[in-house]
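A.B. asks: The residues making up each chain are set out below.
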Amino acid sequence: MAEVKVKKETNLSDATEVENRIKQLCQQFPHGITDQVIQNDMPQLEPQQRAMAINKLLSLGQLDLLRNSSGLLYRMKDVQSASKMKGSDNQEKLVYQVIEDAGNKGSKTWIIHMPVRCASKKKVYMLYNLQPDRSVTGGAWYSDQDFESEFVEVLNQQCFKFLQSKAEVARDSKQSPMVQRNSSFATSHEVWKYISELGISKVDLSMDDIETILNTLIYDGKVEMTVIAAKEGTVGSVDGQMKLYRGVNPVIQPTGLVRTPCGLCPVFDDCHEGGEISPSNCIYMTEWLDF
Amino acid sequence: MTAQEVRLCGLLLREHFGEVVEKVGTHLLKGGAQNLRTIIHETGISLDLVKKSLCVLVQHGACVFRSGRKGAGSPTEYQTCCDRILRILRYPRYIYTAKTLYGDTGELIIEELLQRGHMTMSGTIKTVADRLTQNMEEGRSMDYSEVSSAFFRLVETHFLQRCPPLAGAEPKDSATPAAPAPPGTPAAPVSTAPPTPESFPDCYKVPHVTLVGRGKRQLASEDGEDQRNAKKAKMDSQTHGDEGICWQVNFERFHLHFRDQAIISAVANKLDQTSSEIVRTMLRMSEVTTSPTATCTKPLSANEIFRSLPTSYNIPRPILDQYLTLLIDDPMEFVGKAGESGGGMYVVNMHRALANLARATLESVVQERFGSRSARIFRLLLRKRHLEQKQVEDFAMIPAKEAKDMLYTLLSQNLVQLQEIPKTPDYAPSRTFYLYTVNQLPTARMLLQNCYKTVANLVERRLFESKESKRLLEKSQRIEAILASLQASGAEPEQLTEVEEMITAPEKQQLEALRLHINKLDSAENQVDETIFLLESYINSTASTSLLNDIDGVRLEGQTHIDLDNASRAGH
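These protein sequences, in sequence, are chains A and B. Per full-length UniProt numbering, residue 1 is the first one in the first sequence, and the count goes up by one each step. Per full-length UniProt numbering, residue 1 is the first one in the second sequence, and the count goes up by one each step.
Because the hints were derived from the structure by calculation, they are not lab data. Misleading hints may appear alongside valid ones.
Computed cross-link-like contacts, DSS-like style, restricted to lysine-lysine with a CA-CA straight-line distance of at most 30 Å [stated by the list, open to error]:
| # | chain 1 | residue 1 | chain 2 | residue 2 |
| --- | --- | --- | --- | --- |
| 1 | B | 337 | A | 231 |
| 2 | B | 298 | B | 205 |
| 3 | A | 202 | A | 166 |
| 4 | B | 390 | A | 161 |
| 5 | B | 401 | B | 390 |
| 6 | B | 404 | A | 161 |
| 7 | A | 174 | B | 337 |
| 8 | B | 404 | A | 222 |
| 9 | A | 202 | B | 401 |
| 10 | B | 401 | A | 161 |
| 11 | A | 161 | B | 384 |
| 12 | A | 202 | B | 404 |
| 13 | A | 222 | B | 337 |
| 14 | A | 222 | B | 384 |
This is chain B alone, in the form it adopts within the complex (with noise of 0.2 Å):
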């Protein structure tokens, strides 16, 4: 937890949920974990605002309980964990995917999920269907039947899925809801991994509800009251035999779909529609086959690929087969081929892709920011590895001096590093060797720090906007309620333009000024966000092929040790 992503995790909280749990959500992000009196002595708030505060942060499982380290009896120890809290920079990408896969209907109960966090399959039915019957023409309304159809089909797809059961609060308990096991924890046993939803075999299931009926609308009387209860659950007196089934959003699964796109997208680019849309399929035969920390898919065969490529895409299998080993031949490696048999087996590489990704951002970084020599350089050192500072200039073809230039402005900002390889063991200079290199992984973590920073400002540039602005926009929204009230009970329409004019011409063009930055802002977080998630599931994905292959090295190494024991036993 990099100071970073706390600051950013705490303009989020702030943002979503009030001060009061940013106060308290940076507290714990900061302290580890911690119990419930001492986030109270230490952050000096009072009980009754600090318990709501950790309820508002288990509800969207940015927080996780547990028993004390203590041993039984001691109390709960709350904690966070700053990837949870992240991920509300990519909430509006969530929605947006869920509404092209499966239209309003989806993105309405996406949406709520995400604002929710938990909520019963009935209560989210309920909600949408009235949603979207209040956007509805009079006198249509939204039956409950269709929404459910779309829930069951997030659900098949695993978009949804339940939250883990709480067995209570005993302690000596083990099914707590999934929580991240500390790593400083002495007393938490290797084997008790904390339980994934996906360990619990309901995970997908939908219960059997019954929910029938049509969204209401809300009448224009109820406004104001519909305003106090919106953020209340509804107290329905209706029972649907679904109580204490909660759902939330399956973030990995969303970023699975995320990683594809962003491979057919690379494909798509170097290569052709078709080549793509090959990988597309291949992608998706492979959906429920291969486990998230895969590097590559199972091998599909060239038969299988042919028979479920789109009816649009008529090509005959022989160009099917040259498009393959085009793929293959490409030095990207997208696609690798494991096999001959069904006409060949081919997988999709997707450590592969992601690493050229993210090299392909890095390099795209360099090339923005210190011009396209500096990119040359860059990529030459990416592709050599070790090069002499004569090397680079002599390769690169840039004049000594500028190219010396160059290599030390990127030194000096670390994303070149220089290795020193002695000729005699006193390290002299003019005895010594001076390679330059480049190290893909710890430059890729780097610029994700830079990343989160960046979103940080933009987010505290927005809020200094609207702060500077807020006189003028409490008036404004002051103008729009008078308008409204005006025009619902039937004003003229010269006292709607009297009050229309209370804005100045001036005013208004500031507004309008304050919006456009206010929208570069967002979608600038947005954007940026695309590249956090590159750069985290490269570096999520080197992590988890370097630990197996640590794995195995320490198997090798404790067979040796015992060899030798036995060696020396055998009567030496």
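Pulled out of the complex, with its shape left as it was, chain A reads as follows (with noise of 0.2 Å):
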């Protein structure tokens, strides 16, 4: 007696059944199908019929197209993924691969997900559930594309205020003069701390942060910094050394030249007596002896 396989009914003609049994056969599978194996399955299949559908499943998205020394193999894509996939083309599979292998420090291609910053002008695109990597948003300076400046201005003034009534404080307490330079000081975690505190900051900023904005006030001839040695393990060294800031006072008074007309004139190299700007009509100079 032949041995009575008990299938399945498929209907045959159903193009949906055969791609449902065709998945069922992946699960079953895990390692992937080849040809052979749905041939074998549904052997009343046609090839034509076979080829359609699988076209249709790879096209759907849920079916992963591999290749072996023996021939092709399907294999079920994860579901999760395949609901995304949900109506794209090929083509975008397999940048949506490529994404996926950069990580989450994105990848420079041209379509879907969230565009982050651009600085360079290279539009970067990442996975919509992964937090994109510090170097390419810009930190905390940038949000929606855009640097914000005025934030970092608040920090810049906050910072300044934070560092000058120390600073004041140091200098009346009337001691003695090394004390009160060193009381001046203040470490840039102190500064990190009460930046923190003051709350002004949606986002979480680190003490990079704060040490990029603080050269800021140096650069603005506002703050000076020393570095010292500190003990490994002191709150806010790193790498045995601390960063000192303090608040200091300009050393001139604004020159004399800028004190004229001339110092801040924007057509100084035109003018000439005789000429149409000249000394003697200068309407920057009638403005300046009348104010």
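Put the two chains together into one complex; each comes in its own frame, and the hints tell you how they fit.
C.D. replies: Written out as structure tokens, the structure is:
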């Protein structure tokens, strides 16, 4: 007696049924199925129909097409990612592959997903569900591609006020000069704590961020910095040293040249006696003299 | 001698000495050393006037003469240098300094000498005494001895010096007055550098003078005569034993004083009053031991400093040590430590202080002219020397577009320079690094020229304003003269008010406005002169230090050369 194989009767004319059957087979064999396996399972299936079903599944993104030494392999795609791929075509699928491989650093390509900071005029895209890396988004200073200059300005002023008041307190304490100077210093950690407690930032700022702000204050000529050796483990020390900042006074008043209209004149180079622009008919001088 | 310097010198000469002297002076400035005939021929001024102009210039030290370049017997050549003429701008500051240090007497002595150029001691004392007596109450007069003692003090502290003696008109004689050796003269051997006033041993020696008496008050009736005689030297029949010994103001000494003042006030601004007093003490102690071109003072021990502090500053010794340590630790490096003996040896770093002050001046100009964010970029480049565009944006935390805009503006004004570093020999733009940088010395020179132009603009505006209201000014002067004569001859009040009313109210307003304008322009000139002084001191100080370094370098190269020679001769 021949073995009666109980087989699920498939309605071979229903393409969906065929597809579902292929999917079931894939699930059975998670490492992938070859064309042969499908043929064995549904011998009555015409090659043409089989091909159509496979293509349909591939285009829907429910099936992965792989190649090994013996031929083509079809593998079930991850359900989660499969749902995402609904509506995209083969090309996009390849792209998606690349993005996924790039992990959370993003990669430079041209479709879908969250556009991120474009400081270098190249749009960077990455997976929606991943947290972008700091170097890509620009860190705390960028929100939605825009450099937040007002935010930087506010932080700049707050840090300066903190250091200035600390220096004033030290000066008023009337102690010996060495003690006065040392107490007017603030470590970058102290400033960071102050800013965090102020709560003016909706983004979390790290100590490095605060140090970049303090550096801009140095370039403004309002603050000076020293580095001292600190024991490992002291709060705020990095690699055995700490950075100290303090507010300083300017060393000269605005110089004499800039107190005259000529020092600030935009057409200084064009001015000479007897010309269109000359000291005798200078409107800036007239304004300044009548001030 | 740049175009701006010549223009400013011309304006200053015109204001102080008149148009003829201005013509002769600017001609000499532009043309270099020339003899009398050439000057007459090229300016078209008569011999008489040219001679007088040259006399005026020589009297004030603005012009020097020496024998012609073509050898003995060739006509004398005259040469002007703009440095001395530009000093005229600083006269008010010299006079004010003398007033603060030596009172009214000192002020008048300096003023007289600046006006006359050279004068004998007796002549100065008599004139000053007369002027002081004029301002005193009736019946009182100034004694000559008081004025003499003020004169001695000025000479002691080197603010006044003898004019170098002229050893006749022989061309061969090298004893000519202080003259800068013209760089292009082939005939003048390098060894006979023109003598400075200090090279004469009697430079600061006060001659024995018999001068007894008191200042004479000028009577009102002599006013007219006095006006006429004011410019001529008073022909006194008395001799006082110092004929032929003329004195002049020692500008270099004043400049050292100004430099010290600038350093002290910078310390006071940056640190505090006590630190500035300590630095002032240190500078005072080194006044006579430090040469004017030195980059730092001689080392002073902490013990000496402690002893020399003014008695009003009663700080204990350990506190002084703390202040000195703070001064050393300050990033501006005003004071440096030179050793450990005597409780620590300290020097004042004058060159570095000047460089920092010049830097602060440059930063101030950028800040006022272009805004604080451009100033941030400027300071950033001064610190980090060379940066790419991207790095500038990142460090300064300025959005890319604005940073680019600011950098290009600074570049177009030549305050910032671009340095190209190619990766490939063909300088292709896509394969070249473009770095922004700031060079402090050339930028300072450029700003100095801007200062000269600014002062010239202010002077021209002042002259223009006066010229505009010339008619009104003359009218008011006439009315004042009428009033004065009426008052002297005892007129009635109605007559006086009648005359006063000849000037209408709007005219009075106009005169008042004019007066305010002129004062504002005058004080602005003085303020710009302060900037000029800082920049000039920095440039001169840098030039002299680099010259010393260059000389060392040449010596070293020479040695290597000789060694190579020997090596090649040693039988290879």
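A.B. asks: If a hint holds in the structure, say so; if it does not, say that too.
C.D. replies: Against the structure, the hints:
no., hint, in the structure
1, B:337 with A:231, "holds (28 Å)"
2, B:298 with B:205, "holds (26 Å)"
3, A:202 with A:166, "holds (25 Å)"
4, B:390 with A:161, "holds (29 Å)"
5, B:401 with B:390, "holds (11 Å)"
6, B:404 with A:161, "holds (29 Å)"
7, A:174 with B:337, "holds (26 Å)"
8, B:404 with A:222, "holds (24 Å)"
9, A:202 with B:401, "holds (25 Å)"
10, B:401 with A:161, "holds (28 Å)"
11, A:161 with B:384, "holds (26 Å)"
12, A:202 with B:404, "holds (29 Å)"
13, A:222 with B:337, "holds (26 Å)"
14, A:222 with B:384, "holds (17 Å)"
Consistency with the previously given hints is maintained throughout, with no hint failing.
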